[in-house]
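S.K.: Sequence:
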Amino acid sequence: MRTSRRGSLLTARRQAFQAEEAPEERPRREETPSEAARPWPVWRLEYGLLAAMAALITAFAFVFFFFDIDLAQLTTYGYIGLFAVSLISAASIVLPMPGAAAIAGAGALLHPILGIPVPVLVGLVAGLAETLGELTGYAAGYGGSALFRDRPFYPRVKAWMERRGIVTMFVLSAFPNPLVDVAGVAAGAVRMRLWHFFLGICPGKVFKNVYLAAGGLVGAELVRRLFG
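In this text, residue positions in the sequence shown follow the working numbering: the first is 1, and each later residue adds one.
In case anyone wonders, no lab produced these hints; they're calculated from the structure. Treat each hint with caution, since some may be false.
Listed next, with one range per pair, are the computed distances between beta-carbon atoms [stated by the list, open to error]:
(1) G144 with H196: 39 to 47 angstroms
(2) R149 with R224: 44 to 52 angstroms
(3) R163 with Y77: 38 to 46 angstroms
(4) P112 with P176: 19 to 27 angstroms
(5) Y77 with H196: 27 to 35 angstroms
(6) A159 with W195: 29 to 37 angstroms
(7) L114 with R151: 21 to 29 angstroms
(8) L114 with Y77: 38 to 46 angstroms
Just so you know, even glycine gets a beta-carbon here, dropped at the ideal spot from N, CA and C.
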């Protein structure tokens, strides 16, 4: 009898202890009619930035093409013109643009500011502009565009982006080549983070434009010495 009473007392105490430790179940909050009727997800900051850059690039392209402005002559407007021609050249995914030639010409024609060498200034200005321009390819890939998907090299570039996205963007943007546009589309397709995209492409663009501008500067000096 004593054993059975002790067992029942222990069982009752154990049940009471478990009941005290069990978390209280809170009733689920029902969605209000306004919350249930929301058709759109909340936009993240990077999506808003992407939309703003796309609108800016579209505005630049409309102005320059509508008024038939020669992009090759934009560098005569200094670093502002260089920024514009670099932005539009990078934003044009399919159409060929005189991007590299404009960078080399800017290195030969522009002047230093605050003692900063021309190739460094040209590299920074054009590198930032081209990075923003490449957002058109990123947006196309993010939106599910079929651009470049039928090309034989696209699956390989996309696989590179999935494994080593930042390194791939840096290497392909560090020298003039058409694969950087493909990589931009692939970056959007694999949902690469926007700041990872910037981290990979911007240093490569700056590096490329610094040595292109330096080449233009050295070439101009050689021409002056030989024929000046």
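S.K.: Note whether the CB distance of A159 and W195 lies within 29 to 37 angstroms or breaks it.
M.R.: violated, 22 angstroms
S.K.: State, for the Cβ atoms of P112 and P176, whether the hinted interval 19 to 27 angstroms holds or is violated.
M.R.: With Cβ atoms ~24 angstroms apart, the hint holds.
S.K.: Starting from the hint 38 to 46 angstroms, judge whether the C-beta atoms of R163 and Y77 obey it.
M.R.: holds, 42 angstroms
S.K.: Using the Cβ atoms, figure out if R149 sits within 44 to 52 angstroms of R224.
M.R.: Cβ of R149 to Cβ of R224: about 48 angstroms, so the range 44 to 52 angstroms holds.
S.K.: Do L114 and Y77 keep their Cβ atoms within the hinted range of 38 to 46 angstroms?
M.R.: violated, 19 angstroms
S.K.: Can the suggested window of 39 to 47 angstroms be confirmed for the beta-carbon pair G144 and H196?
M.R.: Given a distance of about 20 angstroms, which is not inside 39 to 47 angstroms, the answer is violated.
S.K.: Could you see if the CB distance from Y77 to H196 stays within 27 to 35 angstroms?
M.R.: holds, 33 angstroms
S.K.: So the hint says 21 to 29 angstroms: do the beta-carbon atoms of L114 and R151 match that?
M.R.: Given range 21 to 29 angstroms: violated, Cβ gap about 44 angstroms.
In terms of the numbered hints stated before, the structure departs from hints 1, 6, 7, 8, listed from lowest to highest.
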